[in-house]
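Engineer: This is what each chain is made of:
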Amino acid sequence: MAAERGTAAEALVGQVVLPGDLLLLPAHYDEDAEGERLRLSAGTAPQGRLLCGPGLRRSGAGLLVTKCGLLRHRPGGGGAYWVDSQQKRYVPVKGDHVIGIVTAKAGDVFRLDVGGSEPASLSYLAFEGATKRNRPNVQVGDLIYGQFVVANKDMEPEMVCIDSSGRSSGMGIIGQDGFLFKVSLGLIRKLLAPKCEIIQELSQLYPFELVLGMNGRIWVKAKTVQQTLIIVNILEACEYMTAEQRKQALAKLSGN
Amino acid sequence: SVCPGDTSVLAGLYGPAEAKISKELPDRAALEVLLRPKVGLPGVLERSREQLLRQTCEAVLLGVLHPRTAISLVLQVLSDAGSLLSCCLNAACMALLDAGLPLAALFCGVTCALQPDGTILLDPTARQEQEARAILTFAIASSNRKVLMATTKGSCSVEEMQQCLAAAQCAASTIFQFYRDSVRRRYSKC
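Chains D and W supply the protein sequences, listed in that same order.
By this note's numbering, the letter at position 118 of the first sequence is numbered 118, and the numbering carries on one by one without gaps.
By this note's numbering, the letter at position 152 of the second sequence is numbered 408, and the numbering carries on one by one without gaps.
The set of hints was computed from the structure by calculation and includes no laboratory data.
It is possible that some hints are incorrect.
As the list claims (entries may be wrong) - Chain D stretches covered by chain W per the calculated footprint, using a threshold of three residues with CB under 8 Å from any CB of chain W: (1) 59-71; (2) 93-99; (3) 172-179.
Claimed, not checked - Derived lysine-lysine pairs resembling BS3-like cross-links, with alpha carbons at most 25 Å apart: (4) W:K409 - D:K153; (5) W:K445 - D:K182; (6) D:K252 - D:K221; (7) D:K252 - W:K276; (8) D:K88 - D:K221; (9) D:K88 - W:K445; (10) D:K190 - D:K221; (11) D:K190 - W:K279; (12) D:K88 - W:K276.
Note that the Cβ used here is the ideal one computed from N, Cα and C, for glycine as well.
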């Protein structure tokens, strides 16, 4: 079955792709052009495994794009392709660190709103140093920073506030005061990139505490309420400002 | 919001969100379309259009990736100057694209009016629609230009319908190019 509009994946890296576009993979991943031949011998394995990231689905001869956005490629370790798309709605993914709001306590389990389609569950034993007698002090309305251990489309998502070795490593109940607000998921990914300029420039302005949740939620706390609100406004506006506009805005603020 | 000429429709998409137990489907997302006319309450015509839109959207949406969720698409008619259904189809597709829901393909809506003398007019105005012998609306998918939905008001022969379909498929390419340009403009700021 010939792909009607298949274009080579490498040609479109860094460009906008739309759902329905078919990407053809380079030859050494797909040896037989006419069909997939089963390899019974362990002879020549393909060079590494190609990772098909968010926004792409495997279909027959190549990858079908399912979301609109920019196509990205990482060459290391077999290669990975994914689509960088902007969206506001969060879909839980295993391993993501998110900020959840406690909505209910049901027996031994807390129900957290993480912005997805279902509330996530968090067991009271999933905190560092928690035992049946030593319960964590969590009230309805508290903010929790944790990660998903179970997050697939068929089951209710489950969160924990400890990592695999039993330490909290920064997760747990987020303290009092501070300000929680929501931004788009693309901005969070930009802020979480190593050596993010926005965070470095902001840290030269005022000292502040920042928690970024992959579900689009950011919690900020600075010394005074006014400083907190200024940081919130800058972070919200960062999505639409270019780098020069941001530097100008920060220069104006630090001059005051 | 999409406005070809003077027809204008505003589309809002919410989801995947929590579905009511009575409405949730165990293996796919439950899509709900609400079409609100400019004046008055929604009537039977809006209901039938909602069903057409819902079936078209479900054909391209990969609902199996979000089982037991609800996706709501709300369309508000801001002004109607002909070709309303195809405008709603285009707005629905752009809303799905903008929200980042997984789609297997894109679709677009094209309206053809068949004049009494046999000429085909694409995207007719309200006046041209009234004078026409038949009005055909097609929803065309971006993969292989397949027809997802076809609805006819009036009577026409099979050959005329085939001709209208061919004209609509050509027009669809222009609309898909418009989608591509809009998305490119949006991502140029990143």
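Engineer: All hints are to be evaluated individually against the structure, with a verdict given for each.
Structural biologist: Results for each hint:
{"no.": "1", "hint": "59-71", "result": "holds (count 6)"}
{"no.": "2", "hint": "93-99", "result": "violated (count 0)"}
{"no.": "3", "hint": "172-179", "result": "violated (count 0)"}
{"no.": "4", "hint": "W:K409 - D:K153", "result": "41 Å, violated"}
{"no.": "5", "hint": "W:K445 - D:K182", "result": "20 Å, holds"}
{"no.": "6", "hint": "D:K252 - D:K221", "result": "21 Å, holds"}
{"no.": "7", "hint": "D:K252 - W:K276", "result": "50 Å, violated"}
{"no.": "8", "hint": "D:K88 - D:K221", "result": "23 Å, holds"}
{"no.": "9", "hint": "D:K88 - W:K445", "result": "17 Å, holds"}
{"no.": "10", "hint": "D:K190 - D:K221", "result": "20 Å, holds"}
{"no.": "11", "hint": "D:K190 - W:K279", "result": "37 Å, violated"}
{"no.": "12", "hint": "D:K88 - W:K276", "result": "22 Å, holds"}
In the structure shown, a violation is registered for the earlier hints numbered 2, 3, 4, 7 and 11, in ascending order.
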